[in-house]
Amino acid sequence: MSAPRKEPIEETMWRTIKILRVFDKGSLHRHVNMTHPCTAQRISRYVNRLAAQGLLHRHRNDYQLSSFAPARAPIFRKLSR
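Note that UniProt numbering numbers the sequence shown so that position 31 is 31, with each residue one more than the last.
I should point out that these hints are in silico values taken from the structure, not numbers from a laboratory. Warning: the hint list may mix true and false statements.
Derived Cβ-Cβ restraints for the label pairs, each shown as a range [unchecked claim]:
1. Ser80 - His59: 31 to 39 Å
2. Ser80 - Arg58: 29 to 37 Å
3. Val22 - Ala52: 14 to 22 Å
4. Leu20 - Ser80: 31 to 39 Å
5. Lys78 - Cys38: 13 to 21 Å
6. Asp24 - Ser80: 29 to 37 Å
7. Ser80 - Arg21: 30 to 38 Å
8. Thr35 - Ser80: 15 to 23 Å
9. Val22 - Ile75: 16 to 24 Å
10. Ser27 - Ser80: 32 to 40 Å
11. Phe68 - Pro37: 29 to 37 Å
12. Gln64 - Arg42: 28 to 36 Å
A quick note: this is a predicted structure, and the numbers were derived from the prediction, not measured. No residue lacks a Cβ here, since even glycine has one placed at the ideal position from N, Cα and C.
Please model the entire structure based on the sequences and the hints provided.
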């Protein structure tokens with residue numbers, strides 16, 4: 001028997017964003033960090049990428065999930081050369 005596969009942290013962040021719908025980076029970090037160790041910097045990078053892709057709308061310091069956001073978590077990876 002093998003150990004259960006851990007989900008990518010992006011899946012956890014995305015699921016939390018979908019539950020909260022409106023959030024700031026600090027509250028998202030606190031919610032995600034309850035069950036999955038994650039740095040505030042990683043949360044910030046992910047939120048910024050989602051906003052740049054149009055999946056989040058920014059209102060001052062808060063972010064709101066776009067109505068056309070996909071069900072599955074967007075995962076951004078660097079491609080190696």
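Hint by hint, here is what the structure shows:
1. Restraint check, Ser80 to His59: a C-beta distance of roughly 37 Å satisfies the suggested window 31 to 39 Å.
2. Ser80 and Arg58 have their C-beta atoms about 31 Å apart, which keeps the hinted 29 to 37 Å range intact.
3. Roughly 19 Å separates the CB atoms of Val22 and Ala52, a value that falls within the hinted 14 to 22 Å.
4. For Leu20 and Ser80, the Cβ-Cβ distance of about 33 Å falls inside the hinted range of 31 to 39 Å, so the restraint holds.
5. Here the CB-CB span from Lys78 to Cys38 is close to 18 Å, well matched to the stated 13 to 21 Å.
6. In this structure the hint that Asp24 and Ser80 lie 29 to 37 Å apart at CB holds, the actual value being about 33 Å.
7. A hinted range of 30 to 38 Å for the beta carbons of Ser80 and Arg21 is consistent with their spacing of about 35 Å.
8. Between Thr35 and Ser80 the beta carbon distance is about 30 Å. The supplied range of 15 to 23 Å is therefore violated.
9. For Val22 and Ile75, the hinted distance range of 16 to 24 Å is satisfied, since their beta carbons lie about 23 Å from each other.
10. Range check, Ser27 to Ser80: about 34 Å between beta-carbon atoms, so the 32 to 40 Å window is met.
11. Between Phe68 and Pro37 the CB atoms are about 31 Å apart, so this pair conforms to the stated range of 29 to 37 Å.
12. Remark: the range hint 28 to 36 Å for Gln64 to Arg42 is contradicted by a beta-carbon distance near 21 Å.
Hint violations for this structure: numbers 8 and 12, all remaining hints satisfied.
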